Amino acid sequence: MIEIFQYEFMRNALTAGIIAAVLCGIIGIYVILNRIVFISGGIAHTAFGGIGLGYFLGRDPLIFAILFSLAAALGIGAIKNTRSRVSQDTAIGVFWATGMSLGIVFIALSRGYAPDLFDYLFGNILAVSGEDVKLILAMTLIMIVIVALLYKELFILSFDPSYGEAEGVPVQKLYLLLLCMVALSVVVLIKIVGIILVIALLTIPSAIGRQHARTFRGIMALSIVLGIFFVVSGLVISYYLNIPSGATIILTAAGTFFVSTAISLGGTRR
Amino acid sequence: MNDIVSVEKLWVHFGSQVILEDVNLVIKEHDFLGLIGPNGGGKTTLLKVILGLIKPSRGQITVFGTTPEAARNRIGYLPQRNLFDLQFPATAFDVVLMGRYGRKGLFKRYADEDRDAARQALGQMDMLKYANREIGTLSGGQQQRIFVARALVSEPDLLLLDEPTTGIDASQQKDFYELLRDLNQEKTIVMISHDMSAVSKYIEKIACINRRLYYHDSKELTAGDIQEAYKCPVEMIAHGVPHRVLREHD
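Taken in order, these protein sequences are the chains called A and B. The first sequence begins at 1 in the working numbering and counts up by one. The second sequence begins at 1001 in the working numbering and counts up by one.
Keep in mind the hints are simulated off the structure, nothing from the lab. Any given hint could turn out to be false.
What the hints assert, rightly or not - Calculated cross-link-like contacts (lysine-lysine; reagent style BS3-like; alpha-carbon spacing at most 25 Å):
(1) A/173 with B/1104
(2) A/173 with B/1108
(3) B/1055 with A/80
(4) A/173 with B/1055
Treat the numbers as computed from the prediction; the structure is a model and nothing was measured.
Work the whole structure out from these sequences, hints included.
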C-alpha cells in the first residue's frame, strides 16, 4: 500500500485529506448541533456561481467562490432575523439554484476553455496541488484559532441562543460568523470532495461521533479520527478500484454511518 | 429599603400593537413578587424590559439605579422553558457555567473561580451530585434546578424567573418553592407563574398584568383588578385557591 504514496499527487491528496478531516471535525459539530446542514449545502452550491464567474473573467475561481459563498452565508443567515415572509428554508433554495445557474451560464459564456466541471461538482483530490494544501492548512488553522477564542460563546449559541441573548452574548453576529466559517471551510473542501458532496464530509464524521462520544470535545476528537480514516481508506480504495476519489470517501463515511446508526439504535431498543 | 427596579409610565409597542400600557411598578429589595396574568398579557415582555432586551417605546425604567443594560450583570435570568435538544452534549456543569458569561465577556476563558461558582450554585440547588450528568438525562424538575443554578451562578442580586415550575411535578413543587424562599433571604425575586395556588401560598407580593399592571405592593388584588386583567368573572380564577388572594367581597 505504501507504494501508492510514492507519487507526489498522492502525497498531496493524503495531506490535504487529513487536514480537511481536522477542519470538518471542528466545524462539523457546530453544523449538526445548530442544524445548519442544508444551509451549508446552500452555501456550497452558491459557490459554484463564483467558480463560473472566475472562469468567465479569467481569474482564480477560488476567490470568487469565496465571495459567493460568503454572500450566501450572510444572505441566508440574515433572513432569519428579519420580519420578511421569506423563510430561511426558502432562502436556501433560492441561493442554491441561483448559484448553480449563474455558474453554468458564466461557464457557457466563457469562450474556448471549458473547465472540468466534474472536478468542481464531485471533487478531485488527486488534482490537489502543493499550493492547495497550504491554503487548506491556513484555513484550518484560522478555524482552530476562532473556535479556541470563541469556544464558550459558540457553545452557548449551539445550546440555547435565546438564553445567550439575555446574557449579552452577541448571538446574531456569532450565528453569521458561524455561517461564514462554514462558507470558508466549504470552499477549501470543494477541491477534495466537490460542491455536491461537501455537506457529507461536514456532517457524517460528527454525526457518528455524536453517537459514541458524550462530551463536546469528545465528539470533536472522535469525528476528526473518523474523518481521517474515511479520507485515507476512501483514497486507497479509489486508487485500486480506479473509481472517483471524492465519492469513494463519502461512501466509506456513509457506510460507516449506517452501520453505526444501526448499532446505536439496536443498543437503545433492548 | 432600596428600590431595585423602578418602572414609570412605561409603554411597549410591537409594531402598532400595544403590549404594555402605562405600567408603573416599584420592586424593593428582598421583594418576592409574583407576576400573574393571562397568556399574551405581557408578563415575559416586562421581564425582558427589566433585562434590557426590549426597549420601551415610552416611559422610564431604572434597575439598581441605572439602565437595564448596565445592571444586567446583577440580574440572574431563567427564561421560559424552551425545547432544547435533549441529546445535546452538555453536562449539567457545562450548562451552569454558561451563566458566568456576563462576568467574563467575549474571548475570555472560564477560570477556576468560575468553576468554583458553578459548583457552589449546583450545591445551592442540591444538584452537585448530578454535575457530570448530561443535561438531557435529567428529569424535568432536575433540569429546571440546573437552569436556576445557571441563573444563580453569576451571583446576582435580582432573580427573574419565567415560569420556573414548568416541568416540575406537583410533589417536587413544594421543595422548589421553599428553595426559592431561602434564596429570597438574600435576593430579590420576580417570578412569573400560572399557578395561582402556589403563588398565593409562597409569595409575598402579587402583581397582575394584562397590558396594564395591577399592583398594590402586597399580596392582595381586588376583584376588580383580576376581572379587569383576565376579562372573565372572578369566580373562575379564585376557585380552589387555598389562601386568600382576593379581599372579601360580595
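To see whether the hints hold, each was checked on the structure:
no. : hint              : result
1   : A/173 with B/1104 : 18 Å, holds
2   : A/173 with B/1108 : 17 Å, holds
3   : B/1055 with A/80  : 21 Å, holds
4   : A/173 with B/1055 : 20 Å, holds
Figure legend: structure checked against the earlier numbered hints; every hint is met.
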